[in-house]
Amino acid sequence: MRKLFIPAVVVAAAMFAWAPIGIARVEYESTMLLVQKIFYFHFATWMAVTASVTVCGIASAIYLFRGTAAADHYAVASAELTTIFCLFGMFSGSLWGRKAWGVWWQWDARLTMAFLLELVFFGYLLVRKYGGPGAEKLAAAMGIFGAATAPFIYKSVDWWRTIHPQTTVMKTLGDKFPAAWNLVWFCSGAFLLLFVITLAARVRLEQLRAQLDRAYLAAEE
Amino acid sequence: MFLKVAVLVLKKDLAIEAKSREILYTTVFFAISCLLIFSVAFVKEGVPAEDAASGILWIALAFSGTIALGRTFERERYGETLRALLMAPASRPAIYVGKLLGMILSMLSTQVVLLPLVAFLFRAPLFARPLLLAALLGLGTLGFASVGTLFAAMLVRTRSRDALLPILLYPITVPVIIAGVRGTSALVQAPPDEAIATLWIGLLTGFDVVFVTLALWTFEPLMTE
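Heads up: the sequence lines are chains A and B, in that order.
Here the first sequence stands for residues 1 to 221, numbered as in this note's numbering.
Here the second sequence stands for residues 1 to 225, numbered as in this note's numbering.
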């Protein structure tokens, strides 16, 4: 695992270096023209959020039922990454919304639900920080419930007819613009790789912190 | 056996509540004070904003429900009875269900007072479709209380439980509140839109199934020290 870290960083750096070139080269979308190009990073960010929420939910469940310390490290690392990627996704969405809808923020279904997801994972971090002893378990419950609401967030735009594009957008894109479709998934791959790298680094940090805590305890005895 | 334990826990809570009536009085009064505060925001020149009633109703319910949740478990903590309850040779999920039933009853009794008041003060035809409204409120209460009971129970041991409960509870239960507000709005508009209300009832049922299943599943490990 640790041997793969440096090569993964190199690959991710190369992907992120090439992504803007690819985005500049790909054809314009017919109605939104240049503005639409933010989509490649916007969608990719939310793919990373999806991965992050999934990891957090599964790791939280494993920690809650088995008490495995490693699962807890993954849960806290992915919860922090969820807040960061979600914030970035809301930021890129806001920029796009300003140009496409004329407003920075719109209280539509997907945006409301994204806001909610951000709050869930901030709640996770808050309870962990201020919950006192045993807070990891309480946070794990938050992680499980947060991950359980994520599919509702994904489907919300289909149920609630609002301004944000529906999930079927991706299906039609593949048929109409194969180049754009490939680029979207290339960018998603880059963001997912970035997520994996940061997750690995954060988990390692958490492991070291746990080791340090144990060492302190041993020294006191 | 499962049901028997749940009913026993419920009976215990009801007996305490029947003596003091503390939770009932405080939550109802709090819900009414919420109405007063909302009137400042949503009434312009004596006329309540259109569509405000459903939002006011659900938010007053959620806020007063949080107060009730905090009080129920504060009582257990104060009397050191939660530990005794958990040490009893009974299944943990049954204890959770008993607590949940008590919470639902408490929230429903608040609604008995709150509903006519909202209809009266904000001129909302809330009782135009009583069955659909009852379904929305019942399912919404179950969704809110199922997560709330679990979170309030697990937070009992923490120091900053009063602040943490709403922080954790609201983001998770906002989908339930959204469904309730949207569904109720569809019912109070003229003419009532039954199709939309039914759609939200379906969604609420989905949330309830997910939340109750997860809560029953996680209550045991969460309450083990």
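Worth double-checking, as some hints may not be accurate.
[Unchecked claim] For each label pair, taking beta carbons as the anchor points, the in silico distance ranges come out as:
| id | chain 1 | residue 1 | chain 2 | residue 2 | range |
| --- | --- | --- | --- | --- | --- |
| 1 | B | 205 | A | 204 | 42 to 50 Å |
| 2 | B | 80 | A | 95 | 48 to 56 Å |
| 3 | B | 160 | A | 5 | 45 to 53 Å |
| 4 | B | 88 | A | 132 | 23 to 31 Å |
| 5 | A | 210 | B | 78 | 31 to 39 Å |
These aren't lab readings, by the way, just hints derived from the structure by calculation.
Ideal Cβ placement from N, Cα and C applies to all residues, glycine included.
Structure-based check of each hint:
1. The given range of 42 to 50 Å is respected by residue 205 of chain B and residue 204 of chain A, whose C-beta atoms sit roughly 43 Å from each other.
2. At about 54 Å, the beta-carbon gap between residue 80 of chain B and residue 95 of chain A stays in the expected band of 48 to 56 Å.
3. Checked against the hint of 45 to 53 Å, the C-beta distance between residue 160 of chain B and residue 5 of chain A comes to roughly 37 Å, which is inconsistent with it.
4. Checked against the hint of 23 to 31 Å, the C-beta distance between residue 88 of chain B and residue 132 of chain A comes to roughly 25 Å, which is consistent with it.
5. For residue 210 of chain A and residue 78 of chain B, the Cβ-Cβ distance of about 35 Å falls inside the hinted range of 31 to 39 Å, so the restraint holds.
Figure legend: structure checked against the earlier numbered hints; the only hint not met is number 3.
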